Structure formats: structure tokens, C-alpha cells
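Top line first, the protein sequences correspond to chains A and B.
Position 275 (the first sequence) corresponds to 275 in the UniProt record's numbering; numbering is contiguous.
Position 274 (the second sequence) corresponds to 274 in the UniProt record's numbering; numbering is contiguous.
If you are wondering where the hints come from, they were derived from the structure by calculation, not from laboratory data.
Certain hints may be false.
[As the list claims (entries may be wrong)] Below 30 Å or equal to it, Euclidean Cα-Cα: the simulated DSS-like pairs (lysine-lysine) are:
1. A:K187 - A:K222
2. B:K335 - A:K214
3. A:K643 - A:K617
4. B:K345 - B:K335
5. A:K222 - B:K335
6. B:K21 - A:K479
7. A:K223 - A:K33
8. B:K227 - B:K191
9. A:K143 - A:K180
10. B:K227 - A:K479
11. A:K223 - B:K345
12. B:K24 - A:K479
13. A:K219 - B:K335
14. A:K222 - B:K227
15. B:K55 - B:K191
16. A:K643 - A:K595
17. A:K214 - B:K345
18. A:K33 - A:K180
[As the list claims (entries may be wrong)] Between beta-carbon pairs, the in silico distance windows are:
19. B:A288 - A:T142: 54 to 62 Å
20. A:D481 - B:E331: 34 to 42 Å
21. A:Q258 - B:K345: 49 to 57 Å
22. B:K345 - A:G50: 43 to 51 Å
23. A:E80 - B:C32: 51 to 59 Å
24. A:E505 - B:D337: 40 to 48 Å
[To be verified] To give an idea of the interface, some chain A residues facing chain B are shown, with a C-beta separation under 8 Å as derived from the structure:
25. Y276
26. A280
27. N311
28. G313
29. D321
30. G327
31. A329
32. A332
33. G493
34. E498
35. G502
36. E505
The structure displayed is predicted, hence computed values, not measured ones.
Positions of the beta carbon are idealized from the N, C-alpha and C atoms, including for glycine.
Now for the letters of each chain:
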Amino acid sequence: MTQVSSPADKADEASEAVVGEQRAPAPGGAGGKEVRRLDRVIIRFAGDSGDGMQLTGDRFTSETASFGNDLSTLPNFPAEIRAPAGTLPGVSSFQLHFADHDILTPGDAPNVLVAMNPAALKANIDDVPRGAEIIVNTDEFTKRPMAKVGYETSPLEDGSLEAYNVHPVPLTTLTVEALKEYGLTRKEAERSKNMFALGLLSWMYHRPTEGTEKFLRQKFAKKPQIAEANVAAFRAGWNFGETTEDFAVSYEVAPASQAFPTGTYRNISGNLALSYGLIAAGQQADLPLYLGSYPITPASDILHELSRHKNFGVRTFQAEDEIAGIGAAIGAAFGGSLAVTTTSGPGVALKSEAIGLAVSLELPLLIVDIQRGGPSTGLPTKTEQADLLQAMFGRNGEAPVPIVAPMTPADCFDAAIDAARIALRYRTPVFLLSDGYLANGSEPWRIPEVDQLPDLRVQFATGPNHELADGTEVFWPYKRDPQTLARPWAVPGTPGLEHRIGGIEKQDGTGNISYDPANHDFMVRTRQAKVDGIEVPDLVVDDPSDARTLVLGWGSTYGPITAAVRRLRAAGEPIAQAHLRHLIPFPKNLGEVLKRYDKVVVPEMNLGQLALLLRAKYLVDAHSFNQVNGMPFKAEQLATALKEAIDA
Amino acid sequence: MPDTNELLQLVPKAEAKQSMKDFKSDQEVRWCPGCGDYAVLAAVQGFMPELGLAKENITFVSGIGCSSRFPYYMNTYGMHSIHGRAPSIATGLATSRRDLSVWVVTGDGDALSIGGNHLIHALRRNVNLKILLFNNRIYGLTKGQYSPTSEVGKITKSTPMGSLDAPFNPVSLAIGAEATFVARTVDSDRKHLTSVLRAAADHPGTALVEIYQNCNIFNDGAFEVLKDKDQAQEAVIRLEHGEPIRFGADGSKGVVRNTVTGDLEVVAVTEENQSRVLVHDAHAASPATAFALSRLADPDTLHHTPIGVLRSVVRPVYDTLMSEQLDTAVERDGKGDLSALLAGKDTWTVIG
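Given only the sequences and the hints, what does the whole structure look like? Please build it.
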């Protein structure tokens, strides 16, 4: 193999006109083989959903993170736990983009595809640009597995892969061979082939290996034989790369030391960051954290994670259904906990009535919606942003709920804390709108200093807050803070503040049942005014060159939009960029920002929900650019669309 | 079976002696004149001082329906929530605040129709809740449709030709749902109602109390057979733990086990069969006999309706177990350290 596909061919990060340009080969290298330097690489591992591709990807990610590259990941798997083996719907993949500089997305197209079987090749080949490297497990390219996915002739032999650099490797045979001393059945030994592949890729890209060996020994601590077999397969993969002539070149991607501010880093996924944000919010508020939840993809990992941290006083309650999940959270909020419910779109639909109750009760509550493809069951394991209008309007009556949307996996931590701030300060349910892409994707995260986290402590009511005309001191549960319009939070157990609240309209102040028309009008407007008055930072616009076109996004499209913007600017196209974290309320300067530009383009993974709101509220001619295929935007495609908008 | 509920010790006691008046809120009671709910409210308000808990540590949570207005009239903490969901909300409160005495007030529609799922799961978990299920066998607040406890063939606005579905027997349902405490009482029998409340309050875990309650507007006289002095003797079976199950004039009738089918049946007590009359054991580990007792009542005529505590057994309480896991986690891992958690184990440092 002499020709290396240059990532420059499919650069999706325009920060470098020199992206991927091959630099002078480093001399030496393992086994005297040639070592080349790259500035970034996109690898995709693909196999059956039982082949352990997610684990393989996770391990490569950890190695890469500890090496100090910037990185971004895109796990992609079917909803079925073990779809029929060898079929196209059963293919599971994990894409990882890593670089010696700051990157924003998991990358558009892989430079390297690892295909564990014919289905994996077939399902992914369309995404692989010509010239890229493909490592295939030849053991699986036999008649039946190929026929299963419609290969009449072997793609390894019929010339259809001529444009690629194919490395045929009998991964299964080599793995079984390497493990023959371990006393495993053939089937058991075969299962380690993903570790063989990981070892090979680790050699190709000079990844550190200690972490993976340690990980394997911990994971299989109770089965030392299996642990050692996996380590052996991993090492065998590495050694295979080093010795076989088929792999003549290995690559180095230097740490991204320039891209990162000083600090200590770890790799983190969105759901993990969100879980930590919730725990941190509980600690910073000095309140016990209570999660009421029902398992649902892709939110369950938050339930799992929080369940592991009972030593923080975190209570997790796996309810009988979505409604009970939020019900328990509302009960805990009434009792003075920082209460959370986690779910995805279908769960939000079920919780709607209870969210309305929380609006009426004016208790702090976090509703975490990890959006997935809809409607109905939709695409459980794929990403989408189509719950925005449901979160905003999906309730009976006028029931405003603030919405906070994280932008990147690591940002889920800060967004969770921000959502808790709003909930606690304004005594309101708050939506945290993440999505499947953020939830499962990961990136390096600068670990925050705990003493730099915001103070979220609140004061429970302790005594009467109102004096009647006759001088009697009483407690009024709906007497509001004049500044925030928040009502007092008087928790059971506080003597003298016994009071009743409920979903029926309440009289202003006393909170007693009231059917009075004028009072209802006042209360509806007051609840709205409270939410409208929530303090959120102004929208920041990145516009270095007085552009006429603004691209405005929200949520997880931040990475792809920013990558596309960099690309355009590198090509000399002026474009302004802004990203919304707060969707209710909108930043106060949003209208003014929108009016500053001739054109406003709004890319969304829905059919234009934010654009609809912008048009309605600000009377601007916002243009939608939409994609609802269950996948994040590709930077290339976005850049093209934005260019068209600029030129239009 | 412990004499006192240890969990009650977690709830602060009232500092001064309380009276019924202390538990009346300043809100005007808005049930229909003559509604059975008044009697239940009075009984609960009258019982609370005996319980002697600090009233700020008592919370009533309800769903939707006539009975669910109950919390507004109690001078304690309270929440009038949404239809059917009170058990879930109360679960969140009780599991996060073990220093509270949490009561749920619900009705046959609220608990058994829209909220059936939450009820059965609260019962199986054995959360420390006292659930008062007001059963009037009709929908009152929506003006008179049949309910999941209405007898088959009930003529109502929504069933002009008669209802078609077989009713739930709430006591049978609760026993089937692994309830640890199940009792039944009647709105008009203040003394019996109070005795059942006392037993429920004393029970560690979920206590379900079915209260037959008259809706004098839409289902008047539904329980008359149990209240009318002459008929009640034959219709009502008063259960007392440790006592032979006898009823009727001078205890002329009794409940025996059919040795062939294993089921229970009502017989006229004679010299010969007297020794076979079942002695009520509310604490029996097996729910079989309690369930069989709950099936004695005829759903149409209500003849042979057992009242009192059908089942009262001790099983670990969910809130206690949850709390113990938190303590165990602290013992095992130490109190949570946020810095350590955020840092994790796999980090790298970038030096400027």
C-alpha cells in the first residue's frame, strides 16, 4: 500500500486550508515501517450489533482521549438489541473523529472503515469516499453472509472496491489462532475479534494501549481467562499490524495541545455530562436530588448513572410508567428535593398533564427530554430535534415552561446546572432538551473546579409572609417575589405554613380555589410574565466580517453548523453565526439580532420548528434548512446550503 | 406483628394536645349536602389528634373527583393533584421525606380506573402511604356515569341500556396486588371507621382502606343494606383478628372452609359445625384466606360483605429500603465527593 487517502479530500473542518495535507514522513517507527503524520482521521467501526462495535469504539475513544487528541464521536446502532445476525438492519457502527487541533463534529466521511462482515460493508460503503482505507474481515465473506445482503459476487474479488485501499484480514481466523492456548471454545474465542481489530487500529494510529488492557482486566475481573484472552487478542491485532506487509504505513496524529486551554480533561458523553450536571446542581443547591423515571431510549443511561451515586444522597425511583415518573418527581419537589424526570419524546407526551400540574403548582422540576426520531415510537436510537414545539406548547391551557438546550456533549453539564438554576430560582418546571446525538456522542471536557460552580442555594419559606387587614400574620403560598414573581417554597414539616395546592386555578396570593374570571386572567398572565422575565444571557453573535447572512441554530447542531461556518469563512465567504441555548424565554436581544441581517438561515433536524417561531414572533423571513434522517448534519452539506443562502 | 409502627417514630410528635378543630382548615366544605364524604372528613379530623403527630408533618395528597377535594379541608399540608396520579406523587413525597405521614385520598374512578396502575404498584412496593379509597360505585363529579365498581347492568347517563363490564372488588384487587394492609369500612359507622384508620395509621407500609361512601345524588342508598339495622345483621360480616367469623342475629351464621373446594362459605352455625367456624387471622402470611373472604360479598346485593381489617402483614417498606441503600452507599464508598466524581479516573492535563 503506497497511496494514503488524504483527509484533505473530504475536509469538513475548514479551519485548515492545509487540512490533512501530508507532512514529511517521520523517520523510523515501529518495525522500521514508515510513519506518516496526519492532522486528523475519521475511523468507523462497523459490524453486527452483537460484534461489540460500540465497545470497540469506546475503547479507541478512550485511548485517543488519553493521548490528548481533540475528538468527537458518533455511535449509531439499531433499536433491536440483537437484530438478526449478518443483516443490514443489524449493523451497528461507531464513528470517531480525532485530530491534532480543535474539531467540532464526528466527521462527514470516514477515512478508514473497519467492516466486520458483508452487511457492515454494504451498509457503510456509500459513506466512504474513494481512496479511503477499508479493513474487512475476510472470514465473513463467504457465500451465505454475502447472499444475505445481496452480494452475488464477492466485493473483495469482483473489482467493485477498486477505488479503495482494501486490507483483507481474516480477523476471525487470526483471533482464534491467537487464542488457541486459552482453552476457549471456538465461539468464545471468536468473540474477541473486535479486540483484535482494536489492536490493529491502535497500532495503525499509535494509540496508547495500557488503558484498554487495564479496562479488559477490570471488565472481566470475575473471568480472568476471558480477560487474558481479550488482552491477547488485542495484542495479537497490534502485532499483526506491525509484522504483516499489508500494513506498510502507520500514522501519527499529534495531541491537540494548542486547541485546549490549560486544565485537566476527560472524555465525556452527553448523558454522562448531563447526569453529572444534575448531581452537581443538587450539591450546589444543597438539596437532595430525586429522579423519578421510566426507562426509555436514549434517556435510560441517565437513570443508570444517577442510580450509581446514592452516596451523594441521590434517590432514583424507577416508576411503573412515565406518568408515575414525573408524579414521584413532583411529590419530591413538594417535599423540598431537587426533582428530575428523564425521558424522550413519547414519554413527554405521557407526562404532559403532569407538567401542566407542575406549572400550576409552581414547584421546581427538571424535565429532561433526550429527543429521538418521531412521531410515535419513531427511531428510538436515532437523533432528531422535533420535540421543540411539543416542549413549548404540548399542554392544555396556557402553560409556559422554560426550555434550555445543550449544544455539545460536554455542554450538557452546564446546561443541566443552568436548567436547575432557573427551576429553583423561579419555582417552575424547566425542559432540558438534549438529543440522541448529544446523549451518546462524546468529546473532551475540561473538568470544572467545583468552587467555580454557581451557588444554587434557595431559601425555603420559614414563616408568615403576609399581614391581613386585622393585623393577623398569615402564610400565603401564592404571594410572589416582586422581582422574580416566584412563589414561596414552603415544604411540609415547616410549622405554621400548612397549606394546600393543586391544579385548580388558585386565587392570587392565598392560593385558595378560585373560579373568578378576572383572577384567572390575572394568574394566566402572571405565570407567563414570570417565565418571560427569566434572566437569560443575551445572544452572542460571531460575526468577524460584517456578514449579511446569519446562521442561527439551537441544541446539538452547534458542532456541524460551526464546522460549516469555518469552512465558508476559510473560503472567503462572510457569514455570521449565533446559537440559542434558551428557547423559552428567548434572549432579549434576539429580535434585534435577527433584524440586523438580510438573511437568516435556521438549520434544524426537524421541519422548521424554530424557524416557525422566529417568523411568528419576530416577523423575520427566516429560511429553514432541514434534515430529519435520524443523523446529525454533515458539515459539508450544511456549508453548501449556507453558501446557496448567501448567494441567493 | 409489632405493636407500634416503628416508622411512625420518624414523624415528629405534636408538642401540645390537639383537638379536631386543629385539623379543620379555613375553607368552606363544598360537597353536596348529605354526602357521605362529610362523615369521613369528620372521622379523619376526629382521629388525627389521637395520632398525635405534628400536623405540619402530615400531608394529604389526592387525585381528581369529589373525594379528592378532601385535602383542602384538612389543616395540614396537602396537594390536590391530577386524575389518578396521587399514589405516584405521594410515593415521591414519602420516599424522599420519611419524617412525614403521607395520606392519599382517592375514589373508585380515580384509584381503580384512570389511576389503577399507580395504585397496584404502590401496593406491591409497600411505600409508607395510607390510602383512603372512597368507593361510592359511581362517578360523582362528572355527574353520574358508572364506575369500575358499579354493578353490572347499571343504568347511567353513559349506559342507558345498562353497563356491561364486571366490576372490580377493590379489596380483592389490593390483595392480588401484594398489598400488606387491606381494610374495608363504611362512611356512616364512625366508630368502625376510626378503628380502621387507627389500624391503618399503625401499619408500616401501604395501607389500603376502602370506605363505602354514599353518593346521595347519583347513587343514593348504594350501601343501605349494610347500614339499615335490620338488614345489616345479615349482610355485614365484621372481622376481628383472632375472633371466629360469625354474624347474623346472635351470631347465627358463620364462615367455614369447604374441605372439598378449599373455598369459604357461609353456613348456619350449629353445635356440630361450630368448631369449623374460621377464626380470622389478619396476619396470616398467605393472602389466600383474606382473598377468599373478600369474595364472599355478592357484588349485586352486597350480602356477606366483610368489613374490618382483612389483611395486615409486615413486609419491608420501600422507603426504608431506599433509605438504607443510600446509607449503605455512603458506608461503602464514603460521602459523595463531587470533585472526584467529575474528574473520574481517566484524565489528561494540558499545560499552557
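Now for the hints, and whether the structure bears them out:
1. A:K187 - A:K222: It holds: about 19 Å lies between the C-alpha atoms, which stays within 30 Å.
2. B:K335 - A:K214: holds, 27 Å
3. A:K643 - A:K617: Within the cut-off at roughly 26 Å; holds.
4. B:K345 - B:K335: holds, 18 Å
5. A:K222 - B:K335: holds, 27 Å
6. B:K21 - A:K479: holds, 26 Å
7. A:K223 - A:K33: violated, 37 Å
8. B:K227 - B:K191: Holds. B:K227 to B:K191 sits at ~13 Å (cutoff 30 Å).
9. A:K143 - A:K180: Since the Cα atoms of A:K143 and A:K180 sit roughly 26 Å apart, the hinted pair holds (cutoff 30 Å).
10. B:K227 - A:K479: Between B:K227 and A:K479 the Cα gap is close to 46 Å, so the pair fails against 30 Å, i.e. violated.
11. A:K223 - B:K345: holds, 23 Å
12. B:K24 - A:K479: Holds - the C-alpha atoms of A:K479 and B:K24 are around 23 Å apart, at most 30 Å.
13. A:K219 - B:K335: OK: A:K219 and B:K335 at ~25 Å, within 30 Å.
14. A:K222 - B:K227: violated, 66 Å
15. B:K55 - B:K191: holds, 22 Å
16. A:K643 - A:K595: Given that 30 Å is the threshold and the Cα spacing comes to 20 Å, the pair holds.
17. A:K214 - B:K345: holds, 12 Å
18. A:K33 - A:K180: Distance ~29 Å between A:K33 and A:K180 Cα, so the pair holds.
19. B:A288 - A:T142: 54 to 62 Å: Given a distance of about 59 Å, which is inside 54 to 62 Å, the answer is holds.
20. A:D481 - B:E331: 34 to 42 Å: Taking Cβ atoms as reference, A:D481 and B:E331 lie about 40 Å apart, which means the hint holds.
21. A:Q258 - B:K345: 49 to 57 Å: Once the Cβ atoms are compared, 26 Å apart, the range 49 to 57 Å for B:K345 and A:Q258 is violated.
22. B:K345 - A:G50: 43 to 51 Å: Check failed, 28 Å falls outside 43 to 51 Å.
23. A:E80 - B:C32: 51 to 59 Å: holds, 55 Å
24. A:E505 - B:D337: 40 to 48 Å: holds, 46 Å
25. Y276: With Cβ-Cβ at 6 Å, under 8 Å, it holds.
26. A280: holds, 6 Å
27. N311: holds, 4 Å
28. G313: holds, 6 Å
29. D321: Result: holds, 6 Å to nearest chain B Cβ.
30. G327: holds, 3 Å
31. A329: holds, 6 Å
32. A332: holds, 4 Å
33. G493: At 5 Å from the nearest chain B Cβ, A:G493 passes the 8 Å test, so the hint holds.
34. E498: This hint holds: A:E498 lies near chain B, its Cβ roughly 5 Å from the closest one there, short of 8 Å.
35. G502: Because about 3 Å separates A:G502 from the closest Cβ in chain B, which is inside the 8 Å limit, the hint holds.
36. E505: violated, 12 Å
Comparing the model with each numbered hint stated earlier shows that hints 7, 10, 14, 21, 22, 36 do not hold.
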